[in-house]
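Assembly of the complex is requested from the two constituent chains, each provided in isolation within its own frame, with the hints serving as guidance.
One letter stands for each residue in the lines below.
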Amino acid sequence: MTTFPIDKIRADFPILSEKIRGKDLVYLDNAASCQKPEAVIECMNHVYRHDYANIHRGVHTLSVRSTDKYEAARDKVRAFINAASVKEIIFVRGTTEAINLVAQTYGKANIKAGDEIVITAMEHHSNIVPWQMLCEQTGAVLKVAPMNQQGELIYDAFETLLNNKTKLVAVVHMSNALGTINPVKKIIDAAHALNIPVLLDGAQAIPHMPVDVQELNCDFYVFSGHKLYGPSGIGVLYGKQALLEAMPPYQGGGDMIRTVTFEKSTYAGLPHKFEAGTPAIAEVIGLGAAIDYLNDIGMTNIAAYEAELLDYATEQAKQIDGLKLIGEAQEKGAILSFILNKIHPHDIGTMLDSLGIAIRGGHHCAMPVMEFYGVPATARASFAMYNTKQEIDVLMEGIKSLIKVFG
Amino acid sequence: MFEDLRDLYQEVIFDHNRNPRNFRIIENADRKVDGFNPLCGDRLTLYLKMDGDRIADASFQGSGCAISTASVSLMTEIIKDKTEAEAEALFKTFHEMTTGKSEDIQLEAVGKLAVLAGVREYPARVKCATLAWHTLDAALKNQHEAVSTE
Ligand SMILES: Cc1ncc(COP(=O)(O)O)c(C=O)c1O
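Which chain is which? The protein sequence lines are G and Y, in order. Those letters in the first sequence? Residues 1 to 407, per this note's numbering, in order. Those letters in the second sequence? Residues 1 to 150, per this note's numbering, in order.
Treat the hints loosely; a few may be bogus.
In silico EDC-like pairs for lysine to aspartate or glutamate, Cα to Cα no more than 16 Å straight-line [said to hold, decoys possible]: (1) K400/G - D321/G; (2) K389/G - E308/G; (3) K167/G - D189/G; (4) K23/G - D4/Y; (5) K112/G - E136/G; (6) K404/G - E3/Y; (7) K404/G - E11/Y; (8) K82/Y - D4/Y; (9) K8/G - D296/G; (10) K19/G - D4/Y; (11) K82/Y - D57/Y; (12) K87/G - D75/G; (13) K143/G - E116/G; (14) K404/G - D15/Y; (15) K342/G - D15/Y; (16) K23/G - E3/Y; (17) K240/G - D212/G.
These are calculated hints, taken from the structure and not from any lab test.
Bound-form chain Y, shown alone (with noise of 0.2 Å):
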């Protein structure tokens, strides 16, 4: 019934949303943020342990849509053991996919982050999958002053 939508809404999607990886709180965390998505009320608090510029451990709290808990989920997973240069990276490589603004994006490059390039077909869904790495970027230029995608 709803073919249109495989793209947006993958198997990958359905299982993060179910069962969200690093779904707890850090108690020791080095960053906390908090990002806020006024037009849907989507809330989430994203939590780093670092060991030096490394991200040791990434976790968050909060609810929100599929397709934002999906792209946190998928974030906390994929940026442990990065470096923070590594992790602003993905975020920009991330940012041109789900905005569609690069024609030619490196889907490799992303890994398991590429299930999210369907949003670029729906705009009025796109601030819900970079919702956590707008929070990301705001923990590690060390804002603590809540993110909000407006």
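Chain G on its own, in the form it takes in the complex (with noise of 0.2 Å):
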């Protein structure tokens, strides 16, 4: 921890130094959206300055410019999460897009009436419902894995839903609504076993531990630009090479063909077969910029760090009579959900933004794991590299008092 740049990392991020209702900011909501640093903000300013013109399609020295720079931080995605070819990574708006594009494309042609989907009780409705638009769709039929009350996935019971009638298994790498870690590796070689793709939801993993897809051997990963330091509006999907040239594209339009002729088009090779249309160019570019500023600090450091953050707040949250965490998994990410008696998230959320203080009231998207422990919502702080154990002590003592004027 002595060696973590902390000082550093918060002075790149321009907004830690904002003052919110006239305190200072202590930004708990990065499951949500992380905030981003400098080297990010800058990137794109200069991307719009003197880079900017559409990409893949003029011969003029900013087309060129322009896609040289889209397509190196394809590069750098492939090379942050270990890809064996830069035509394994597809840009799409985000992971909502990316798991429907896996939904709607491999799915549509290899899922049919009577199949089985195996997806947990801890998904993101984004992991659910794509697939159960396809089950509509199709007739397919979604298994749901249970999970303990620490919100942990019972494994034994996740492996006796596989069969051969399985043809997916779509599992969250780490849970938003309870920062559960999930025993990817375990998962994917069940399913291996059996011949079942993976798909892994990795959303709120990406930004808190490296990923390897190669060493996961996950058939899909998918995550989200925002959560990982960059701009909103990108993400990517992952795909095993041999799937994704077997799936039909997603989109029709410009970028992704080879010829049009009204009787019949061809489609352009992989990755831009699934990239139809002008994408968000900029943001690809913060993207890669972001990837760079992280793997300046290093992801294992990164967890290093997070994980004492989240061993300090969880102490001193248990400390705190009336408070009561949900989610208590053995391995878990930096997130803390918790419920206090009596007093409603939502109230909290409005407490402690008067103190400058942002965390999340709601369902996060997760409305069956609220029902699991029959809340309507949690309160949730979810920590970022650039938070602080004295931000951690803000929280509490914010806590500790709002909980003495509910009475």
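Shown next as structure tokens:
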């Protein structure tokens, strides 16, 4: 911890010196979206001031410059998750679009009536609804692997759901509502033993730990740029090349074709086959800058620092009377979901906001998780690499004071 | 510590949150409508006992934040013995008060409900205060589908 350059990191994020309602901002809503470092803001600024034009379309200098930077960012993403080829990196709008893409292309082509798709009880709505839609369209059946009171996947129950009807497993790598980190390697190995492909929803995991898609051997890995200190409106679908090659395109249009006649069009190769239309050019390049920034710090260092933050926060939270943690998995990322006796999360949110503390209160797009715990909502403090123990102290003092006020 | 919030969380609101009034089921209710705020998961069920076009009794069940609990609790008190037309008029005034559309709202016209005027400054919380009233509106119009603030 002594070597983690926290002061420098904090100085790199301009918004952290913002005052909220007259107080120092304590930003603990990172699971919803992370703040951006100067490097990303400046990079996008530079793109629009010096490099911007449409990509893959012109011979003029700016188009070439912009195309080079766009494709360079693709290679940064590839290296960041250790994919074998840039052909396996598809830019999309975010995690949600990536999952919908897989459901509507891979899913429609490979999943039929009576087939089964396995998810878990702790999925975000974006890893539930696209599969429900696919099931409605095809007659396939959605199976849900249960979790225990700590918010951990009941692994044996998951495994018994796998059979020769299972055509896909889609699992969250790290839960946004609970912080749980799933045993994804084990899940993938078990599914592969039955030739079932696995999609990992990496929206939460990606900013908190090193991810190596080849080592995991997952078939699809999806995440959003905005939770990785990058811009919103951009995300990544990683897919194994052979799977992507075999999948039909998602949307039709410019950039995704090789030839078009009114009789028939042929499609471009990977990755362009899945990138119809003008993409979020500056956002892709900005995501590349976020990845450069993170590589300088090192994901392993970030994971270690955040583990200390989480341990500290958990310890402090447990000392507060009337506070109950929701999600106490052994393997857990930097998320503290909690409820307070007789105080609704929205009241907690408004009260803490008046102290400059940003947390989220709500169902966190995981209504089935709320139902499991029998609560309408939880309060959630979610940490990032720029948070500090002092900020956790401010949070805990805030919670104690609001408990007093509510009496 | 929470000085800035005094306009929002007045003592009356804490009081109604701790001890909600008319928090019960009316067994032979004439109207029963569910209200739901998908944003925060608040749910309530509103019961009305009518006597002609007069609200003879009103009660609720459910759980929500302090603002929504206080709002529905206060509402069940104030609408009792009002005619449907009077209750609808209150709904309109309340709505204007909380969404701040009308500058010169007559706070006297809403009586005790004025304690909820503070939500105007907290756009994220307006729906907490208005859920009860949208549910009442549906009940008065004799709609049976659940009401959603979305
Ligand atoms: C686990 C998880 N999956 C999916 C998503 C959806 O991401 P996005 O809204 O960026 O598409 C989120 C973000 O809230 C998430 O936390």
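How the hints compare with the structure:
Annotation: proposed proximity of K400/G to D321/G holds, straight-line Cα distance about 9 Å (limit 16 Å). For the hint pairing K389/G with E308/G, the CA-to-CA distance comes to about 9 Å; that is within 16 Å, so the pair holds. Between K167/G and D189/G, the direct Cα distance comes to roughly 15 Å. Compliance with the 16 Å bound is thereby established for this hinted pair. Taking the CA atoms of K23/G and D4/Y, the gap is near 11 Å; set against the 16 Å cutoff, the hint holds.
A C-alpha spacing of about 11 Å is found between K112/G and E136/G, which places the hinted pair at or below 16 Å, so the restraint holds. Taking the CA atoms of K404/G and E3/Y, the gap is about 14 Å. The hint holds against a cut of 16 Å. With a CA separation close to 13 Å, the supplied pair K404/G and E11/Y stays within the 16 Å bound. Taking the CA atoms of K82/Y and D4/Y, the gap is near 35 Å; set against the 16 Å cutoff, the hint is violated.
For the hint pairing K8/G with D296/G, the CA-to-CA distance comes to about 12 Å; that is within 16 Å, so the pair holds. Of the pairs offered as hints, the one joining K19/G and D4/Y holds, with about 15 Å between alpha carbons and a cut-off of 16 Å not exceeded. The suggested pairing of K82/Y with D57/Y holds, with an alpha-carbon distance near 10 Å, which does not exceed 16 Å. Restraint check: the Cα-Cα separation between K87/G and D75/G comes to about 9 Å, which is no more than 16 Å; the hinted pair holds.
Of the supplied pair hints, the one linking K143/G and E116/G holds, its CA atoms being roughly 7 Å apart against a limit of 16 Å. Note on K404/G and D15/Y: the hinted pairing holds, with a Cα-Cα distance of about 14 Å set against a maximum of 16 Å. Using a Cα cut-off of 16 Å, the hinted pair K342/G and D15/Y holds, with the two alpha carbons roughly 13 Å apart. The hinted pair formed by K23/G and E3/Y meets the criterion: a straight-line CA distance of about 13 Å does not exceed 16 Å.
Restraint check for K240/G and D212/G: satisfied, since their Cα atoms lie roughly 13 Å apart, inside the 16 Å limit.
The earlier numbered hint that this structure contradicts is number 8, and it is the only one.
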